[in-house]
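Undergrad: Chain residues, written in single-letter form:
There are 2 protein chains.
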Amino acid sequence: MAALPALERLSTNKTFEGELNKYKFKSSALGDLDAQFNLFIPPAAAQRNVPLLTYLAGLTCTEDNGAQKGNFLKTASAEGIAILFPDTSPRGAGAPHETDSWDFGVGAGFYLNATNPEYSKNYNMLTHVTTELPQVMEAAGLPIDWSRQSIFGHSMGGHGALTIYLASETKQYRSASAFSPISNPSKCPWGEKAFNGYLKNGVEEGKQFYDATELISKRTDPIHILIDYGTSDAFYKQEQLLPENFLKAARDAGYDEFQVRVRHHEGYDHSYYFISTFASDHVHFHANFLKA
Amino acid sequence: MAALPALERLSTNKTFEGELNKYKFKSSALGDLDAQFNLFIPPAAAQRNVPLLTYLAGLTCTEDNGAQKGNFLKTASAEGIAILFPDTSPRGAGAPHETDSWDFGVGAGFYLNATNPEYSKNYNMLTHVTTELPQVMEAAGLPIDWSRQSIFGHSMGGHGALTIYLASETKQYRSASAFSPISNPSKCPWGEKAFNGYLKNGVEEGKQFYDATELISKRTDPIHILIDYGTSDAFYKQEQLLPENFLKAARDAGYDEFQVRVRHHEGYDHSYYFISTFASDHVHFHANFLKA
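Chains as they are written, first to last, in the working numbering: chain P, 1 to 292; chain X, 293 to 584.
Each hint should be verified, as a subset may be incorrect.
[Said to hold, decoys possible] Estimated spans, in silico, between C-beta atoms of each pair:
1) P:Gln208 - X:Ala432: 46 to 56 Å
2) X:Ala526 - P:Pro143: 24 to 34 Å
3) X:Leu325 - P:Arg9: 18 to 28 Å
4) X:Leu296 - P:His284: 42 to 52 Å
5) X:Ala526 - P:Lys24: 18 to 28 Å
6) P:Asp145 - X:Thr462: 54 to 64 Å
7) P:Asp281 - X:Lys316: 50 to 60 Å
To be clear, the hints were calculated from the coordinates, so they are not data collected in a lab.
Glycine is no exception: its CB is placed at the ideal position from the N, C-alpha and C atoms.
Use the sequences and the hints to build the structure in full.
TA: Quick look at the structure:
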């Protein structure tokens with residue numbers, strides 16, 4: 001393996017007695033393009049390595065949206081949990097059609113590894129998030145307890161969190177949660193477009209490896225999942241999210257509400273105004289497992 | 293007086309059991325340009341008219357920054373306080389040099405009424421914030437108790453909050469607070485540029501009407517002010533903010549720390565990561581007076 005790339009710190013902001021740091025490095029998973037991420041380090045890290053919660057953002061977002069608008073940091077500071085905010089896609093790959101629309105390509109990496117040769121050099125957000133970022137951060141000596149990780153996300157990032165958690169054979173993550181996740185992507189327009197674009201065998205391949213509703217049907221071991229969505233979410237109404245499909249598959253697989261909890265919230269929508277309202281619930285949910 | 297303009301609601305988002313609504317109307321104070329604002333209405337408004345806290349944002353911002361990143365809404369919801377987020381300048385006036393730089397013109401209205409004829413048709417953010425917005429909102433029947441208002445802001449908006457509060461002869465506002473305010477604008481480059489641009493008699497006119505440090509020297513009645521700033525704030529270090537000047541003038545005028553409290557925070561900077569950390573303190577400070 002080649003030497004790990006150096007992390008360049010682009011900025012640091014003190015917040016809730018901790019630090020929000022923005023880093024850049026040359027990402028081999030993304031075809032040697034520059035990649036950026038934010039990392040919140042709570043004040044507890046001065047005493048000990050802390051657990052890590054990874055937040056995956058949704059379509060059109062960057063590493064900044066969750067850090068700036070998510071309302072996670074106060075609770076993370078109090079609980080002594082670090083939060084990693086990756087970007088949502090490679091930037092500047094120059095791949096076909098990557099800037100033609102907001103729901104495919106730049107800002108829309110779907111947290112998978114592309115197998116279509118037009119995208120497979122750069123669009124490998126799965127490896128970037130689950131393997132490369134932890135390796136690079138560990139090599140940089142950041143104060144993380146790597147045996148304690150969980151993952152959550154919003155919309156496309158909720159899809160990412162659920163699928164990464166459910167597909168993980170290494171049990172890298174202790175728990176997963178999602179706001180308004182794309183829960184059954186092989187049955188919705190966003191997912192079909194992503195799978196047909198990034199994957200050699202299209203929706204069939206996506207259904208096998210990257211569909212939370214499909215993946216949970218194959219699990220039998222203990223799992224810890226929380227999902228929140230709003231009933232006034234326009235994308236929920238357009239059937240892009242399909243959380244009921246996921247819930248049914250979870251119950252059919254034998255998981256009860258202490259293993260897979262799906263909550264709907266009257267009148268809430270898809271925005272960060274919704275996320276921020278329930279943000280501390282999610283951090284507390286993960287703290288149960290990260291600090292067990 | 294002409295009939296008040298109609299409010300058009302552009303969007304609504306449920307958040308913390310309340311509503312964040314974005315409105316547009318034709319602003320006569322701003323020369324008949326369209327103006328936008330956000331208004332957070334807490335759930336308590338279903339039972340009674342609620343107090344109003346006005347948040348003035350800083351240079352380059354819009355009505356969205358405080359609403360999205362300020363971290364005010366959770367506490368405002370719990371306390372039953374509405375928050376008004378105005379814009380920071382007129383948009384589309386076409387006045388000279390209004391888009392040449394980020395610290396003058398668009399996004400930089402300085403919460404004054406221009407007397408330089410090149411700007412006086414449009415750049416009247418003082419009237420817009422203190423008179424026009426309350427009139428338009430009241431005419432629209434929004435559930436505000438207009439006898440209970442306070443004001444706060446960040447940077448240029450902290451300057452706005454302090455000067456509006458200190459210059460108010462009508463005692464429209466019960467309390468004022470500021471994050472990293474421009475506290476003595478007639479002695480810093482941002483203030484000098486604004487006053488020389490917007491005001492016929494330049495810095496002398498600004499010093500008389502729009503300088504918090506000058507204004508507090510003339511007050512003797514009970515006042516309620518809280519200021520927070522960070523010692524790692526680059527603009528503080530560049531002497532754009534000068535909070536020590538304001539503090540000295542306040543103490544010289546006989547105000548103690550229960551009347552004018554100025555806190556500095558080690559390592560914090562000028563960003564919303566700083567504001568969000570102390571956001572609930574400010575809402576609680578104003579609640580003391582708004583709910584008295």
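Undergrad: Take the hints in turn and mark each one as holding or not.
TA: Verification of the supplied hints:
1. A C-beta distance of roughly 54 Å is found between Gln208 of chain P and Ala432 of chain X, which places it inside the suggested range of 46 to 56 Å.
2. Evaluation of the 24 to 34 Å hint for Ala526 of chain X and Pro143 of chain P yields a pass: the beta carbon distance comes to about 26 Å.
3. At roughly 42 Å, the beta-carbon separation of Leu325 of chain X and Arg9 of chain P lies outside the given 18 to 28 Å, and the hint is violated.
4. Between Leu296 of chain X and His284 of chain P the Cβ separation comes to about 46 Å, which falls inside the hinted range of 42 to 52 Å.
5. For Ala526 of chain X paired with Lys24 of chain P, a C-beta distance near 20 Å keeps the hint of 18 to 28 Å intact.
6. Taking 54 to 64 Å as the suggested C-beta distance range, the pair Asp145 of chain P and Thr462 of chain X conforms, at roughly 57 Å.
7. In this structure, Asp281 of chain P and Lys316 of chain X break the distance hint of 50 to 60 Å, their C-beta atoms being roughly 34 Å apart.
Checked against the numbered hints above, the structure violates hints 3 and 7; every other hint is satisfied.
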